Amino acid sequence: MNNAILLASGTDIDIMVHGLIPYEVFGQTCWITTTHVCVLIVMIILIGFFIAANRKIKHAKEVPDGFQNVVELIVEMLDNMVKGVMGINSAKFANYISTIFIFILMSNISGIFGLRPPTADYGVTFALGVMTFCIIQFNKFKHQKVKGVLQGLCDPWPIWAPINIISEVAVPISLSLRLFANILSGTIIMALIYALLGWIATFWPAVLHVYFDLFSGAIQTYVFCMLTMTYINQACEE
Amino acid sequence: MNISGQDLILACSAIGAGLAVIAGIGPGIGQGIAAGYAANAVGRNPGAKSDITSTMLLGQAVAETTGLYGLLVAILLLFVKPLLW
Chain A
1 MNNAILLASG TDIDIMVHGL IPYEVFGQTC WITTTHVCVL IVMIILIGFF
51 IAANRKIKHA KEVPDGFQNV VELIVEMLDN MVKGVMGINS AKFANYISTI
101 FIFILMSNIS GIFGLRPPTA DYGVTFALGV MTFCIIQFNK FKHQKVKGVL
151 QGLCDPWPIW APINIISEVA VPISLSLRLF ANILSGTIIM ALIYALLGWI
201 ATFWPAVLHV YFDLFSGAIQ TYVFCMLTMT YINQACEE
Chain B
1001 MNISGQDLIL ACSAIGAGLA VIAGIGPGIG QGIAAGYAAN AVGRNPGAKS
1051 DITSTMLLGQ AVAETTGLYG LLVAILLLFV KPLLW
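Listed in order, the protein sequences are those of chains A and B.
Note that this note's numbering has the first sequence beginning at 1, numbered continuously upward.
Note that this note's numbering has the second sequence beginning at 1001, numbered continuously upward.
Misleading hints may appear alongside valid ones.
To be verified - Label pairs and their calculated CB-CB ranges: (1) A/L196 with B/I1025: 21 to 27 Å; (2) A/V130 with B/G1028: 51 to 57 Å; (3) B/G1043 with A/W157: 26 to 32 Å; (4) B/G1043 with A/I21: 54 to 60 Å; (5) B/T1055 with A/L192: 15 to 21 Å; (6) A/W157 with B/F1079: 41 to 47 Å; (7) A/G27 with B/G1028: 44 to 50 Å; (8) A/F26 with B/A1039: 32 to 38 Å.
Stated by the list, open to error - Cut-off 30 Å, straight-line C-alpha distance, at most; resulting in silico cross-link-like pairs (BS3-like, lysine-lysine): (9) A/K92 with A/K56; (10) A/K83 with B/K1049; (11) A/K92 with B/K1049.
As the list claims (entries may be wrong) - Residues from chain B that face chain A, not an exhaustive set, calculated with beta carbons under 10 Å: (12) D1051; (13) I1052; (14) S1054; (15) L1057; (16) T1065; (17) G1067.
Derived by calculation from the structure, the hints in this document are not laboratory data.
Source: prediction; values computed, not measured.
We treat Cβ as the ideally placed atom computed from N, Cα and C, and that holds for glycine.
So here's chain B without its partners, still in its complex pose (with noise of 0.2 Å):
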């Protein structure tokens, strides 16, 4: 089989793409710790609920970043393919 230079590059990509969403595990565990607290704290005190839940959607958005990150990395690599410029 032939493979060119562009093809090997083009497969390494979509392996670093791969790997680059691996970064999603440590958001995951981080939303989950939050909201697990949240049901917690819902449970001690169920009249801040309101208050209970936008804070836990704003601690969760912020720690959802790194793993966004992670997902940009993997599109750049798909999409833009800067490895091929």
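Okay, chain A solo, but in the shape it has when bound (with noise of 0.2 Å):
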């Protein structure tokens, strides 16, 4: 980190990524980075929880308690906001949908417990992107044939089919930018802070992290998964 730049640092500001172990790739030294532990973490979390709720469900009580309150909270909660949106498309992509939901919102709200998010990698960021972008090709070219997405490439005239492709290659580009630059920017935030103050930002930055973690984390979360469930379902239009 280079300190002449960020003046104000007292202590070393750690926001970049760290590489941990190198390998080659057809010639090329790539690395295992801070962000594939962090994903990994957050993946073991997730799929920890995940067993759990699937041993809970399947010995299922008429009465729910504790912990199947919860989960059936989740799904219920996750399943409305699908069905709100997509409508009879809904029961098809649920499943899709909440799952990147969860996965954001972990990536997201993990940096309060110290990790860097996972989602401040714009590698993380852009594999959903190319995630969504691919369902929604797939579905255009399932709903409204190869004629139909031709049709749409040439909307006005056929001259402005260059244009029509660069929008539709914009659309994972913009949707996973404005994930990694919102989590990117809570993070250099909360870093300058840390290293701002040195010794004394041990304790009160806690509403910060509200903020910048939970706050931004939970709405970028929701804004992705809405332009998804929007994209998908113009998709799907015949």
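From these two lone chains plus the hints, build me the complex, please.
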């Protein structure tokens, strides 16, 4: 980290992704980074939660108690959210939307627990954007057939096709950049505050964590899923 | 004072980063307008408050994107330093 630029920094400011283990792919050196580790931690927590939820639901009781209540609440909330936006298409996509919702939410709020949020790495959010892009294009070809897609590309006149193609490709990029930049800015601001205040900052920035990690993270998760649903819904129109 | 070319590029990068985050003005105005109209709508129709709030948040998040692009340019200039490569 270059302290000449960040004049305010008392100690080292650590906002970067660090490489841990190098490996070679086609002569290029790639790295297992801290992001991989953070994603793995989030995944292990989520998989543990899901296995526990699965066990609980298999032996579900007539009158739900404690943990079963929480699981049912989460599933119902996500189902209602998807149903409210997608209508009749909701049954097919509720799984995908709920999965990315839970994953992005856990990734965003993992900053509270001292991890560097995995979504503050463009590799993670771009992968999410590409997944959404593939689903959008697949459904477009499925519902509108090749002819409809070509007609959509040449919308007012065929000469506009390049612009339409650019606007198609811009969808995953803007989706992923929005999530990435929001979480990264939160991470940077928190790191700057911690570095600026030194040991004083050990206790009180909890309030800022609530805003930058919890509130901002939850809003961005919601927005990512809403936009994904809207785009998929558009693609599903005949 | 002796200023090397590298120092000059770093200083100009810092100035450029500062200029790039001026992009935040537009989304600020846009989000304010969206929130103002949302408050107006809730005043007219308090029953639809949750729908209005979610629509407002979605619109604000989309409007925020352009400001975030400016922020990204600033972050790239400060931390990645593409001009020094």
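Hint check results:
1. Taken as a hint, the range 21 to 27 Å holds for the pair A/L196 and B/I1025, whose Cβ atoms sit roughly 25 Å apart.
2. In this structure the supplied range 51 to 57 Å is violated for A/V130 paired with B/G1028, their Cβ-Cβ distance being about 31 Å.
3. At about 44 Å, the beta-carbon gap between B/G1043 and A/W157 misses the expected band of 26 to 32 Å.
4. B/G1043 and A/I21 have their C-beta atoms about 58 Å apart, which keeps the hinted 54 to 60 Å range intact.
5. For the pair B/T1055 and A/L192, the beta carbons lie near 33 Å from each other, so the given range of 15 to 21 Å is not met.
6. Under the hint 41 to 47 Å, the C-beta atoms of A/W157 and B/F1079, about 44 Å apart, fit the expected range.
7. For A/G27 paired with B/G1028, a C-beta distance near 47 Å keeps the hint of 44 to 50 Å intact.
8. As the Cβ distance of A/F26 to B/A1039 is approximately 56 Å, the hint placing it in 32 to 38 Å is violated.
9. Between the alpha carbons of A/K92 and A/K56 the distance comes to roughly 24 Å, so the proposed pair stays at or under 30 Å and holds.
10. The straight-line distance between the Cα atoms of A/K83 and B/K1049 is roughly 19 Å, inside the 30 Å bound, and the hint therefore holds.
11. Using a Cα cut-off of 30 Å, the hinted pair A/K92 and B/K1049 holds, with the two alpha carbons roughly 29 Å apart.
12. Hint status for B/D1051: holds, given a least beta-carbon distance of 9 Å to chain A, under 10 Å.
13. Taken as an interface hint, B/I1052 does not check out: its beta carbon lies about 14 Å from the nearest beta carbon of chain A, beyond 10 Å.
14. Restraint check, B/S1054 versus chain A: the minimum CB separation of about 8 Å is within 10 Å; hint holds.
15. Taking 10 Å as the C-beta contact cut-off toward chain A, the hint placing B/L1057 at the interface holds, the least distance being around 6 Å.
16. For B/T1065, the suggested interface contact is upheld, since its CB lies about 5 Å from the closest CB of chain A, less than 10 Å.
17. Evaluation of the B/G1067 hint against chain A yields a held restraint, the C-beta minimum of about 9 Å falling below 10 Å.
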